[in-house]
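Trainee: Keeping the supplied structure of chain A fixed, place chains B and C upon it in accordance with the hints.
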Amino acid sequence: MPKAPLPLVLVSLLLGLSSLLAPGCLRQEGGRQVVLRFASAEPNLEQIRVTRALVAEFERQNPDIRVEAEFGIAPRKILVQTAARVGPDIFLWWFDLQPLVNKGVAGDLAPLAAEAGFDWSVFHPYLVDYYRRGDAIHAFPVQLKTYALVYNRDLFDAAGEPYPDGTWTWDRYREVARRLTIKPARGPALQFGNGPFAQFRDYVVRAHGGDWFHRENGRYAPDTPENRRAVSLILALLRESSPRPEDIESFGGGSFSQAFLTGKVAMQIAPAWMMSIFTQSRGNWDVAPAPRPVEGPARVVFDDAGLVLNARTAHPEAAFKFLRFYAEASAMRDFAAGRNGLAARRDANEPFLSPTVPGLARYLDAAEAADTPIKPVLLDGDYNHLSTIVNNEFERLFPLGEIDEDEFFRRLERRLNTPASPIQRR
Amino acid sequence: MKKWSQLLRALPFLAPNLAGFLVFTLGAVVVSFYLSLTEWDLLTPPRFVGLANYASLLGWHRAETGWEPLDPEFWQACYNTLFMMLGIPPTMLGSFLLACALNQKLAGERIFRLVFFLPSIVAGVAVMLLWKWMFNADYGLINRALWTIFGVQGPTWLTSVAWAKPALMLMGFWTAVGGFNMMLYLAALQNVPKELYEAAEIDGAGRWSVLWHITWPMVTPTTFFILTMSIIGGFQSGFDAAYVMTGGGPARSTTTISYFIYNHAYELLNMGYAAAAAWVLFAVVFVFTLLNWRNARGRMQ
Amino acid sequence: MSSPRPALTLSRALSYAALVGVGASMLLPLAFMIATSLKDTQEVYDNSGGLFRAFLPQKLLWGNYAHVADVVPYWRFYANSVFVAALVTTGQVATCAMAAYAFARLQFPGRDFLFFGYLATMMIPGAVTMVPNFILLAALPDWLAKIAPSIPWAAYWTIGDTIPVGRLVGLDSYFALIGPSLFSAYGTFMLRQFFITLPRELEEAAELDGCGLWRIFRHVTLPLSLPALATLGIFTFLGAWGSFMWPLVVTNKEFMRTLPVGLQAFQGQNATNWPLLMAASVLMLLPSVAIFLFGQRFIVSGLQVGAVKG
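Chains as they are written, first to last, in the numbering used here: chain A, 1492 to 1917; chain B, 44 to 344; chain C, 92 to 401.
It should be emphasised that the hints constitute simulated quantities derived from the structure, not laboratory data.
These numbers were taken from a predicted model, which means no experiment stands behind them.
Glycine included, C-beta positions come from ideal geometry on N, C-alpha and C.
Hints may contain errors.
Distance ranges between label pairs, derived from CB positions [said to hold, decoys possible]: (1) A/P1616 - C/W166: 49 to 55 Å; (2) C/I254 - A/E1548: 24 to 30 Å; (3) A/R1901 - B/P88: 36 to 42 Å; (4) A/P1864 - B/A98: 34 to 40 Å.
A few chain B residues facing chain C, derived, Cβ under 10 Å [said to hold, decoys possible]: (5) L161; (6) F282; (7) M314.
If we strip away everything but chain A, and leave its shape as in the complex, we get (with noise of 0.2 Å):
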């Protein structure tokens, strides 16, 4: 324990502080220009220089404003630090709208939009139907995500398999793919037919025209024939041909989105955002469109990202002269450039495209056809607290193997429609 004396101990330390305190030393960020907080949850190394170049040029056309750029920040801690007064003035949101609208988060664009006599018809207008609400507009398009059918041509060049095409069913799929999945008796598999991803659950349902929030007379109703449908071909091609969590981690510590990359994943579905991971590569691969249902129309499945403005914000001019700055075509097509999705407008996605991969022009073809976005809008429902319901009960029927399709169809329907705290019930 100290010799010195305790009070001695504590002015020092004040001293210590307050020397901090003294002007030139302590500066209040950002000085007399506005700071604008803008949050992303983007993660992808890439995709941050880019968007860190956007801001750059931002900054420099717009001299009285600095952006302070987030990335990696959580969907939910964008509404936790909305909630605790150190929310972002703008981000980026990929997730279920609804909730900010609810929670009067999400600020009405289409004012702001009307007096800057901004034109939406630069979009394609299913995005921003999605983000209407009545008059008011909560969000700007800015990212597109179709899916397609990404190959790997070594793998089938070897199993002597025939590109896939556009007629391709999800019944072919299957088949090929537990062709093409090598498992040795003990041990990590060598070889995968399938390489799922984060939202592959979500995407095969909806590619099916299925709803895992299908309601009827008030209830929510999953047990429909097109949800089982595709429950049934996903577990099918995750007992089959797919790797596990595990596996992947051998692959050398990748995630979802880079086990293709590792040369032993033949084919798979992937987001438009993946293509900023793997037209990094030189793998020998291209893109078909995605499989069709065996029965049913075939839906063409896009998500979105897009730019909300924090009705909390103390700068809100600022904040959309940034939000009408990411719609221009320039900041788009660097966008599109990144490859991390398609842009949101249509007129600025000729950079996506490359000579290399020549199927990269059918996530442009999705997007001109697409018209089911992969998460439904749900006015009444919390999408966050039904999706975990859906995942608990679908964790239990795979990898957990602990009840069956019936049983999963009957605990889900019984869950989704069990209210669980009075805050859901509302």
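Mentor: Chains B and C alone, transformed into the frame defined by chain A:
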């Protein structure tokens, strides 16, 4: 007025601590109780809901298949918490046996004590990350040892519903067995009168018989103290390990009550609901605290 | 049991074996931690060898320790942790000692009632007070802005132009990390129990010499209480060093994170790099181990006091 001058003399000493106490403890307790009667997400204005939060935490309703809790996740969290508290008796027994082994005036006792104590000192995120790696299903040290030595394919530990809780309990055992409880037992053993052992020796009692019939009863007060304190701690524990190692999963199997509270407060922004759950937790802990106090009073008399 | 060190019997040999076995299993994970921290990134995924290969690194890559800050600002986390733990420890010991002195030695109205209040709150789970405290800290800048609008309470600050130091109060401030831990009911209780065992004669003599209360406290009570202060200090430091949940909820900016929160985020960054993560973990354990080795006698003595708790 003498009283006021006394208060004036004491205040400079009291003030710094008292200020923190009034704001961060007493004030917080009062606010917390009020919060538990509201529904508040910090974004929209709070709404007074009376006891509705408590009702949906603890309530049951009649479903088609029979009675079901209104919030199965809360009951699952309670079950998980209780399940992991099953690790307390083995840990205590281990501590007791270690203390007995150490209490024989062996050479190197000090070193042993240091080594046994070390895990409880270093316990924390760093060690949790270490165990997370050791529990890795394919590459972790534990499964590799099981395979190499016994030829057994180990479970997938943290990613298995059946094994995630035992895995965390195993880590808890490693952390706690040589820690404070063992030291308490050691102190208690040193207070056991030597005459008792000598008398037993004369009677020709065996080693285990002495342990069971003399030593164990003599440390009962300590055992009771450790047990109640462990139970009190057990009800409140489990957040750090679950957050770092499993994220509360798989299928919520490692979501304890404290994780449940965290999740509602800081992920779902259900401040009122989280506060209500915290008060339910307090009610349970309170019972065991009373037991502990009664025991302590009994010991003093 | 009569002689101080009896001869080695079979049962004692068995005890030894058991103790050595247990000791080894206590140390093994920590040794594995160090071993892993020296491995190559891919080596840990090599399942081909036996157990020794699984345990021991093929080559000692001490360089891993130089790379702990490649992915995250590790040394900033470290500095934050040291700063927070040091201030919490000195601050808490100081406020607790002062309050304990008042409870132990001074007469004032409502003393016993207040002390009972301290005792009673000790059993309240942290979960109860955490939510309101979080809300308080979140709202604090706004409230203060209403009282003293001239000070930009909500602003973030930097030293010079480069080193961010967060806000003055509220979330993302050192105040949030340190403030609520500057007092403790348990510490006050523990020190008060110690102070009442001290002989009063010395203090009375000092009072006769005309010493004020503060001087008696400083020059008589505190020097006599060094073991108790050290015990409280060590436990407070270990607690502050390992504290996870509170720093997790009150920090948003990366540069405000403490080591446990930072390390937990480390594993989430892309793929987990186990050797680097273990190197970072080993470095995190060093202060705890040092404090433990340096202060073990205080830890043991603190247990006797701790046993009174409850």
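Trainee: Starting from the range 49 to 55 Å, see whether the pair A/P1616 and C/W166 falls in it by beta-carbon distance.
Mentor: 51 Å, holds
Trainee: Under 10 Å, Cβ to Cβ, is where B/L161 needs to be relative to chain C, so tell me if that hint holds or is violated.
Mentor: At 6 Å from the nearest chain C Cβ, B/L161 passes the 10 Å test, so the hint holds.
Trainee: Is it true that the C-beta distance of A/R1901 to B/P88 lies inside 36 to 42 Å, as the hint says?
Mentor: Given about 39 Å between the Cβ atoms, the range holds.
Trainee: Quick check on the hint: B/M314 CB to chain C CB, less than 10 Å?
Mentor: 6 Å, holds
Trainee: So the hint says 34 to 40 Å: do the beta-carbon atoms of A/P1864 and B/A98 match that?
Mentor: Check passed, 36 Å falls within 34 to 40 Å.
Trainee: Would you settle whether the hint for B/F282 is holds or violated, based on the nearest Cβ-Cβ distance to chain C being less than 10 Å?
Mentor: Nearest chain C Cβ about 6 Å off; hint holds.
Trainee: May I ask you to test the hint 24 to 30 Å on the CB atoms belonging to C/I254 and A/E1548?
Mentor: 26 Å, holds
The structure meets every hint from the earlier list without exception.
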